[in-house]
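Protein sequences appear in the order of chains A and B. Counting along the first sequence from 1, when you hit position 109 you're at 109 in the working numbering, and nothing is skipped either side. Counting along the second sequence from 1, when you hit position 204 you're at 204 in the working numbering, and nothing is skipped either side.
It is possible that part of the hints are untrue.
[As the list claims (entries may be wrong)] Each computed EDC-like pair below joins lysine to aspartate or glutamate, with the alpha-carbon atoms no more than 16 Å apart:
(1) A:K96 with A:D134
(2) A:K298 with B:E54
(3) A:K131 with A:E204
(4) B:K96 with A:D13
(5) A:K96 with A:D67
(6) B:K215 with B:D23
(7) A:K150 with A:D67
(8) B:K76 with B:E55
(9) B:K49 with B:E166
(10) A:K2 with B:E108
(11) B:K15 with B:E54
(12) A:K115 with A:D89
(13) B:K120 with B:D68
(14) A:K137 with A:E72
(15) B:K206 with B:E184
(16) B:K225 with B:D23
(17) B:K79 with B:E112
(18) B:K113 with B:D127
(19) A:K298 with B:E55
(20) A:K2 with B:E101
(21) A:K219 with B:D23
(22) A:K2 with B:E112
(23) B:K96 with A:E204
(24) B:K79 with B:D90
Derived by calculation from the structure, the hints in this document are not laboratory data. Computed from a predicted model, the values in this text were never measured in an experiment.
In case you want the letters, here they are:
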Amino acid sequence: MKLFRMLGRSIRDAIKSVIRNFSLSLASISCITITLIIVAVAIMASYNVQNFTKEIEKDMTIVAFLDNDATEEDVKEVEKTIKSISNVDKYTYQTKQEVKEKMQAESDVFDTVLKNWSDEESPLKDTIQVKVKDVQKLSNTAEKIQKIDKVAVVRYGSGMVDKMIAAFNQVEKITYGIVIALIIVTVFLIINTIKLTISARRREIGIMRLVGASNFTIKTPFIIEGMILGIFGSIVPILITMYGYTAFYKHFDGYLYSQLIQLIKPEPFIYQVSLAVIVIGIIVGMIGSASAVRKYLKV
Amino acid sequence: MSDLIRLKNVEKRYKNGVTAIYDLNLAIEKGSFVFIIGGSGSGKSTLIKMLYREEKPTKGQVIVGGLDVAKLKNSKVYKLRRKLGIVFQDYRLLPKQTVYENVAFALECIGEKKDVIRIKVLKALEDVGLKNKVHEYPDKLSGGEQQRVAIARAIVNEPKLLLCDEPTGNLDPDMSMEIMKVLEDINKRRGTTIVMATHDKEIVNKMKKQVITLKEGHLVKFKQKGKYEDEAI
Ligand SMILES: Nc1ncnc2c1ncn2[C@@H]1O[C@H](COP(=O)(O)OP(=O)(O)OP(=O)(O)O)[C@@H](O)[C@H]1O
Ligand SMILES: [Mg+2]
């Protein structure tokens, strides 16, 4: 009960301060807003990229074609070597007979063509299909497999996807940098906003100390003021997330570049992102106000 | 063990090297009314500040209401402050709040319930004779009235000890006597121990209370029913 009363008081005081220091509060809120918009867009982009690369990665397989004269022993040897490569997740061996049956089952056209070939003429080879753990090292792993004795050719998922993922990773890193820089500026602005509130309320704080207010009671309104700045700052980013992403999704019908890139469905995605945005806003606000309190309110 | 305040070999040396109090030994009984007198710079304010832990003694022991004040951590000072009230020369009121709000503030800060606050605030304002000024703002009041608001705020939580540092310093003799009557009343009716630092010769002589005389940081006299003795200062 007592705690609730004190919190109620703190919230009231905090809102009063935000209104009293309107211009600096607005500057802090705007800065938080800009930061959080970028954070929200970055989160949404990054999750979408992760989502569709995962989809693509599922299909990314290295296929090693073995020499026609490879004996059973050779195959065992190749399998052993492949197994020893650290990036290899799992592999399956298929004889050309199995490959043929699989292809025949898949389509009628293949069926007719393949039926007319004898075993001697067949261009099919025994294959080992390899799944890797880290797709970024796909080409490197493929090279290693290529070098194994009795391995004729190696094929793997298109290089474009590889490069795209690398590019997204680059963009992600740059975004992190920008977000961190913006958060630093934001925290700095919040510290100054709270500093102003503290100096405006010096007299009151002095009296609070005299009459025996605990440190918690003295500090809390300022911490809450920081949190309120964070909450106000996350309103616009949340609106952008909720309405912006939904509109974006509808506009493209859920796919980018025809069917290649599938977007994440807005629900519940936008709520999760909004929650993340407001939590980050509150945390940034609290970091700012807590450092101001530590620096300017010697308790 | 009816001492509310006990000082043992207390020394206060400020960081700039000035020693404000030398080897002070003192005991103040519960319920007493004590003046601290002495010339300017004799250490009166320093002594009061050590009692509410605004300053820490550099040597010795200060006990107030059973609390070893010097050993109190910064984060626990509020426990001491809740046991005492403090009044200054400059009132220290919040100008944008009414008389009622100023007094209630002391209780809100320690998380008191609204209805309890109401009862206690009105009682305190009645005790200082300001029941008819409850909704006025401080700048509409005379100096004496403002000081009575400050006294009401200091006693609203029913402390055992009331510390006053020159409470009449800004007031003319008539208003000063008014304040003294209020303080004497609080001392008698509530049993609150009062320790008051003052320059005012006339007040000390009229009230005939205990008097502690300081001179350049040394205790020179502690008399029951004392007078303001110029030669000692
Ligand atoms: N914060 C401080 N830092 C350094 N020296 C101080 C401080 N406060 C007081 N002093 C010094 O300590 C001595 C005692 O000061 P104090 O304020 O206790 O005297 P006082 O008796 O209250 O004087 P007055 O009657 O003028 O109020 C003085 O020499 C003063 O200069
Ligand atoms: Mg003084």
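Going down the list of hints, with the structure as the test:
| no. | hint | verdict |
| --- | --- | --- |
| 1 | A:K96 with A:D134 | violated (28 Å) |
| 2 | A:K298 with B:E54 | holds (13 Å) |
| 3 | A:K131 with A:E204 | violated (68 Å) |
| 4 | B:K96 with A:D13 | holds (14 Å) |
| 5 | A:K96 with A:D67 | holds (11 Å) |
| 6 | B:K215 with B:D23 | holds (12 Å) |
| 7 | A:K150 with A:D67 | holds (5 Å) |
| 8 | B:K76 with B:E55 | holds (14 Å) |
| 9 | B:K49 with B:E166 | holds (13 Å) |
| 10 | A:K2 with B:E108 | holds (10 Å) |
| 11 | B:K15 with B:E54 | holds (14 Å) |
| 12 | A:K115 with A:D89 | violated (34 Å) |
| 13 | B:K120 with B:D68 | violated (29 Å) |
| 14 | A:K137 with A:E72 | violated (29 Å) |
| 15 | B:K206 with B:E184 | holds (12 Å) |
| 16 | B:K225 with B:D23 | violated (24 Å) |
| 17 | B:K79 with B:E112 | holds (15 Å) |
| 18 | B:K113 with B:D127 | violated (21 Å) |
| 19 | A:K298 with B:E55 | holds (15 Å) |
| 20 | A:K2 with B:E101 | violated (19 Å) |
| 21 | A:K219 with B:D23 | violated (37 Å) |
| 22 | A:K2 with B:E112 | holds (7 Å) |
| 23 | B:K96 with A:E204 | holds (11 Å) |
| 24 | B:K79 with B:D90 | violated (24 Å) |
The structure does not agree with the numbered hints 1, 3, 12, 13, 14, 16, 18, 20, 21, 24 stated previously, though it agrees with the rest.
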